[in-house]
Structure formats: structure tokens, C-alpha cells
Amino acid sequence: MKDIFLGILDWCITSGIRLVLTVVVVFALWKGIDFILNKFVQSEKFKHLDLTLRKFLRTFIGYTLKVLLIVTAVNFIGINTSSFVAVLAAAGATIGLALQGGLSNLAGGVILILMRPFKSGDFITTAGESGTVVEIGLFYTTLITPDNRKVFLPNGNVTGSAIVNNSSEETRRCDLTFELSRDVDIAKVKKLLKKLADNDERVLADPASRVVITSYGKGTITFSLRAWCKNGDYWDLFFDLQEIVKEAFDISGIVIPNNQVDVHMGEEE
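Just so you know, we're using our numbering here: the sequence shown kicks off at 222 and counts up by one.
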């Protein structure tokens, strides 16, 4: 009994004190890491970064430092960390195989956050969906569509598809096409369309608006009005010009032809 007591006492003196000190130090450093990271991401140098990127950096750096802290503490206590690391690696490989789709989305999220092809508030088209970006998460990108639906796109699908960012530039070209009869006065139509565009205050003077002929159909000519505007004015200008042009055509006697199908009936023999 005396030997058992002496053994416990010897452990407390040697390993026990080290264990207690390690726990105290780990706890203090754990809190210190959280405090420093919070100050780090809130500093003036990082306030210009996207909120999603700041959150990602804080999470990634925090987990990395805390894992290193735990491994160092375990090694300091006297436990062989090589077997510990091997277990973590095996567990990571097993989890990775089970969550291949999730890891693909995670990798996509990291790519989106680092490469930043778009940011919150941009209107984008990707993976068959269009909408305003609400959040760029590690696994999903959230969009709000024009008809107010919330769409959660897996980041793996987003990075694997073409991404069209409609909000990245300050200006955008508004293209409208009009299919008219071949016997129309081309000069008159071009002059009228350009005048209507230039009279709209939302249309920019530079680059100048243009009216061109883009194609010929069976008995028709297709005119294209190309007017530049600020990005925020695009859709209002697009819809308003449709009405303005139709009213101007009616006043000027320019008729938009209806689709016509000619059926020829042969005589029975």
C-alpha cells in the first residue's frame, strides 16, 4: 500500500504538476489565439476585405494554430505524437472518402473566397441560375433570384461552371433587336432608333449608341440598337426602350410584321 501511495505521489510530483501546468497554459493560449484573431480581422488593414474572406481567414488560421497547440501540449506531457498524428491522418482519410462531395464544395468555397470572381451584392449567372449574391459560404453560395427565391448553389457546381458577373463593371451595353419588313426605309429606321436612344438621359454619350443591321430573314431585316448605360440602369432602360420604340414605330408608320405561314394546297390528281 505504501508503494502504491509513493507511486501516486511520485507521479503527482513529476507528471501531475506538468499536466496541470500544460492545461493552464493551453487554456490561456487558446483564449489568447481567439483574442488576437478577433483583433487581427478587425484591424484597418483587413476591413477593406470582403466579410466572407475575413471570416474564412479567421477560421482557417484559428483551427491551424489550435491544432498545433494541442499537438505541442500532448508532446510536452510525454505522449508520443507520432501515433497521434497517424490516427488523425487515418481519420481524415476515412472522413474524406465519405464526404467527397462535401470536400469538393469546400474546395470550391476556398477557391471562390480566394479568387473572388464575385462578391456579396453582385448579380451573377452560374450553374443554370441567376440572382444577387447574398452569401459566399465554405460549402454553398446563396443567391436571391429576381422573383425573390433563395437558391443554395453547391460551390463545387459553381466553380465547375461558367460564371457571368453582371455587376463587375460600372457600365453595360443594352442591346435591343427589332425585326422589320424588308421594304422598310433603312436610313429612316436607323435615324429614329438612334434618336430615341440619345434622347434618353440614361444612355451614355461615350461610348456612343449605334444602330446596325445584324441579319436578314425571309422577307425581314433585323436591326440592333446598342446603347451603353450605367449598370444599375440596365433593366429599366431595357424595358422602357421597348415601349418607347413601339410607340415611335406606330407614329412613324413603321410596322413590325407578324409571323406568317404560307400553306400551298396542291390539286388532287
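Quick caveat, the hints were computed from the structure, so don't treat them as lab data.
It is possible that part of the hints are untrue.
Said to hold, decoys possible - Only pairs whose alpha carbons sit at most 25 Å apart, straight line, appear in this in silico PhoX-like list of lysine-lysine:
(1) Lys371 with Lys416
(2) Lys451 with Lys340
(3) Lys439 with Lys409
(4) Lys340 with Lys416
(5) Lys371 with Lys260
(6) Lys371 with Lys412
(7) Lys409 with Lys467
(8) Lys411 with Lys276
(9) Lys287 with Lys252
(10) Lys467 with Lys411
(11) Lys467 with Lys412
(12) Lys260 with Lys276
(13) Lys252 with Lys340
(14) Lys409 with Lys371
(15) Lys260 with Lys287
(16) Lys439 with Lys467
(17) Lys371 with Lys340
(18) Lys287 with Lys276
(19) Lys451 with Lys411
(20) Lys439 with Lys451
(21) Lys415 with Lys451
(22) Lys467 with Lys415
(23) Lys415 with Lys371
(24) Lys439 with Lys411
Said to hold, decoys possible - Taking CB as the label site, the calculated pair distances span:
(25) Lys412 with Lys276: 54 to 64 Å
(26) Asp404 with Ser382: 39 to 49 Å
(27) Gln463 with Leu425: 14 to 24 Å
(28) Asp471 with Gly323: 53 to 63 Å
(29) Glu356 with Ile291: 35 to 45 Å
(30) Glu356 with Asp419: 21 to 31 Å
(31) Gly323 with Thr435: 39 to 49 Å
(32) Ile291 with Gly323: 21 to 31 Å
(33) Gln463 with Pro428: 15 to 25 Å
(34) Leu425 with Glu265: 30 to 40 Å
(35) Glu356 with Asn452: 14 to 24 Å
Note that beta-carbon positions come from the ideal geometry of N, C-alpha and C, so glycine has one too.
Handout entry: Straight-line alpha-carbon gap Lys371 to Lys412, limit 25 Å
Key = violated (44 Å)
Practice task
Sort out whether Lys451 lies within 25 Å of Lys415, counting only the CA atoms.
Solution key: Holds, because 18 Å separates the two Cα atoms, which is no more than 25 Å.
Handout entry: Hinted pair Lys467 and Lys415, Cα distance within 25 Å
Key = Measuring from Cα to Cα gives roughly 14 Å; hence the hint holds.
Problem - Given hint Lys451 paired with Lys439 - CA-CA distance at most 25 Å - result: violated (36 Å)
Practice task
Using the Cβ atoms, figure out if Asp471 sits within 53 to 63 Å of Gly323.
Solution key: Holds: the Cβ-Cβ distance is about 58 Å, inside 53 to 63 Å.
Practice task
Would you check the hint for Lys260 and Lys287, treating anything up to 25 Å between C-alpha atoms as holding?
Solution key: Between Lys260 and Lys287 the Cα gap is close to 17 Å, so the pair holds against 25 Å.
Practice task
Given the range 54 to 64 Å, decide if the beta-carbon distance of Lys412 to Lys276 lies inside it.
Solution key: Given range 54 to 64 Å: holds, Cβ gap about 55 Å.
Practice task
Sort out whether Lys371 lies within 25 Å of Lys409, counting only the CA atoms.
Solution key: violated (46 Å)
Practice task
Hint says 14 to 24 Å; check whether the CB-CB distance for Glu356 and Asn452 agrees.
Solution key: Once the Cβ atoms are compared, 21 Å apart, the range 14 to 24 Å for Asn452 and Glu356 holds.
Practice task
Starting from the range 30 to 40 Å, see whether the pair Leu425 and Glu265 falls in it by beta-carbon distance.
Solution key: holds (36 Å)
Practice task
Below or equal to 25 Å on CA atoms is what counts here, so check Lys467 against Lys412.
Solution key: Judged against 25 Å, a Cα distance of about 15 Å means the pair holds.
Handout entry: Given pair status - Lys411, Lys439, alpha carbons within 25 Å
Key = The hint holds at about 20 Å.
Of the numbered hints given earlier, the model fails hints 1, 4, 5, 6, 8, 13, 14, 20, 23, 29 and 30; all others are met.
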